[in-house]
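As you go down the protein sequences, you meet chains Y and E in turn. Note that our numbering gives residue 143 to position 143 of the first sequence, counting from 1, and the numbers run on in steps of one. Note that our numbering gives residue 159 to position 159 of the second sequence, counting from 1, and the numbers run on in steps of one.
Just so you know, not all the hints are guaranteed correct.
Below, simulated DSS-like cross-link-like pairs (lysine-lysine); rule was C-alpha separation at most 30 angstroms, straight line [as the list claims (entries may be wrong)]:
1) Lys140/Y - Lys158/E
2) Lys158/E - Lys56/Y
3) Lys117/Y - Lys257/E
4) Lys147/E - Lys140/Y
5) Lys56/Y - Lys173/E
6) Lys147/E - Lys10/Y
It is worth saying that the hints were derived from the structure and are not from the lab.
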Amino acid sequence: MSSNTDFEPKIIAFVCNWCTYAGADLTGTSRLKYATNVKIVRFPCTGRIDFLLLLKSFAQGADGVIVSGCHPNDCHYTSGNFHARRRWIAFRSILDLMGVDIRRIQYSWVSAAEGSKWADLVNNTVADIRALGPYAEYQKVADYLEKEGYNEEA
Amino acid sequence: MKKLRDRAAELLSQGVVSLVIGYEEGTKRPRPLFCRNSEGAEKLIFDSHCFHNLAVYITKKELVGKERFAVTAPISTLRSIMQLYVENQLSEEKLLVITVDLSGELREFTTFDEIAAYVAQFELKRGEREQEILSKIEGMTREERWKFWMEEMSHCFKCYACRSACPLCYCSKCVVEVNRPQWINPWPAPLANMEWHINRAMHMVGRCTACGACGDACPVGIPVDLITRKMMEDLAPEFGYVPGQPAKQGNALSSWKLDDREQFIR
Numbered sequence: 001m002s003s004n005t006d007f008e009p010k011i012i013a014f015v016c017n018w019c020t021y022a023g024a025d026l027t028g029t030s031r032l033k034y035a036t037n038v039k040i041v042r043f044p045c046t047g048r049i050d051f052l053l054l055l056k057s058f059a060q061g062a063d064g065v066i067v068s069g070c071h072p073n074d075c076h077y078t079s080g081n082f083h084a085r086r087r088w089i090a091f092r093s094i095l096d097l098m099g100v101d102i103r104r105i106q107y108s109w110v111s112a113a114e115g116s117k118w119a120d121l122v123n124n125t126v127a128d129i130r131a132l133g134p135y136a137e138y139q140k141v142a143d144y145l146e147k148e149g150y151n152e153e154a
Numbered sequence: 001m002k003k004l005r006d007r008a009a010e011l012l013s014q015g016v017v018s019l020v021i022g023y024e025e026g027t028k029r030p031r032p033l034f035c036r037n038s039e040g041a042e043k044l045i046f047d048s049h050c051f052h053n054l055a056v057y058i059t060k061k062e063l064v065g066k067e068r069f070a071v072t073a074p075i076s077t078l079r080s081i082m083q084l085y086v087e088n089q090l091s092e093e094k095l096l097v098i099t100v101d102l103s104g105e106l107r108e109f110t111t112f113d114e115i116a117a118y119v120a121q122f123e124l125k126r127g128e129r130e131q132e133i134l135s136k137i138e139g140m141t142r143e144e145r146w147k148f149w150m151e152e153m154s155h156c157f158k159c160y161a162c163r164s165a166c167p168l169c170y171c172s173k174c175v176v177e178v179n180r181p182q183w184i185n186p187w188p189a190p191l192a193n194m195e196w197h198i199n200r201a202m203h204m205v206g207r208c209t210a211c212g213a214c215g216d217a218c219p220v221g222i223p224v225d226l227i228t229r230k231m232m233e234d235l236a237p238e239f240g241y242v243p244g245q246p247a248k249q250g251n252a253l254s255s256w257k258l259d260d261r262e263q264f265i266r
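Let the sequences and hints guide you as you build the complete structure.
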């Protein structure tokens with residue numbers, strides 16, 4: 001899609017405090033450069049990341065979402081990421097049924113030692129979302145009330 | 001029918017149960033009947049049109065009280081009762097389940113093992129309506145599915161009849177009533193409607209027994225039951241349960257396996 005070359009995707013990353021947040025920190029202290037499109041939200045664990053938060057970020061204008069935490073068996077709380085993984089499987093299946101673009105949610109495991117993996121993950125996701133273009137379909141539905149109801153003169 | 005009325009009257013007059021939840025003739029179709037004496041039991045009916053899921057009442061403490069009670073249950077209600085039991089919402093001492101089997105004989109269940117054995121004979125199949133709509137959805141591209149559901153969701157006016165009709169929606173405080181923060185917007189805009197239905201489906205993962213009560217209750221005819229039904233069918237091989245059978249291995253989202261699928265995780 002050549003028309004999207006000047007489109008800068010907005011990406012929200014939901015990360016766990018113990019692995020991916022520390023991993024992203026390592027990317028910075030290692031002076032690795034990566035795309036600046038990502039806004040990081042820190043959570044205590046991937047198990048804490050409510051599925052509705054992912055939808056809320058699309059409604060607020062995100063074009064893509066990254067969800068990342070500790071590798072299996074590395075969870076600070078023993079099994080938080082296993083529970084999260086099950087929830088993602090179910091959530092992906094339901095979103096796909098409803099017609100939400102599941103390619104825009106990227107799941108990953110990034111440990112505290114994988115600073116370069118974090119940089120690659122963000123760069124690849126930004127490239128993917130750039131190719132997909134803005135998530136206008138969802139955002140149109142999200143502003144429904146403002147357009148149709150509250151600001152009639154606008 | 002005669003056998004059912006006689007037995008219900010007998011149970012009530014002998015004091016075995018204090019309440020029988022069943023069906024009576026309604027204006028268009030059978031409606032729920034709560035009989036507390038033998039005169040009430042005379043109105044009981046039970047036939048193939050009785051598909052209102054009465055399991056929704058048996059978790060309501062203000063209705064059933066502390067005494068033992070009986071409920072008449074077709075096969076879909078029996079499935080819901082089993083699921084409620086594995087979720088520790090029912091006790092065998094309090095509940096007597098009555099059904100009429102295929103040969104027209106009255107059957108009573110006092111233990112949940114008996115119900116499980118009886119339910120296991122019946123395989124959960126898609127009906128004509130489900131097959132028609134689901135095969136249409138399965139043939140769509142993602143964009144078409146989004147359009148289809150947005151069109152359907154635009155009719156929803158958030159009456160929450162789907163929630164009230166569902167026997168497994170028994171939380172005393174529902175996520176839609178949480179307002180700090182306002183988790184799901186209360187107004188009926190397409191996005192808020194879709195968030196609600198996705199939420200409902202997520203809360204039904206591994207639990208829905210596909211009784212169809214939610215879709216039946218919808219006043220504007222959104223096939224909401226098919227969201228959870230399709231989800232159950234798709235996730236069954238993933239989480240190792242059989243749709244329509246109680247999830248004895250534990251709730252799908254509160255248990256996990258080391259080898260859960262993760263090809264989609266980069």
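Tested hints:
{"no.": "1", "hint": "Lys140/Y - Lys158/E", "in the structure": "holds, 20 angstroms"}
{"no.": "2", "hint": "Lys158/E - Lys56/Y", "in the structure": "holds, 19 angstroms"}
{"no.": "3", "hint": "Lys117/Y - Lys257/E", "in the structure": "holds, 26 angstroms"}
{"no.": "4", "hint": "Lys147/E - Lys140/Y", "in the structure": "holds, 13 angstroms"}
{"no.": "5", "hint": "Lys56/Y - Lys173/E", "in the structure": "holds, 22 angstroms"}
{"no.": "6", "hint": "Lys147/E - Lys10/Y", "in the structure": "holds, 24 angstroms"}
Taken one by one, the earlier hints all hold for this structure without exception.
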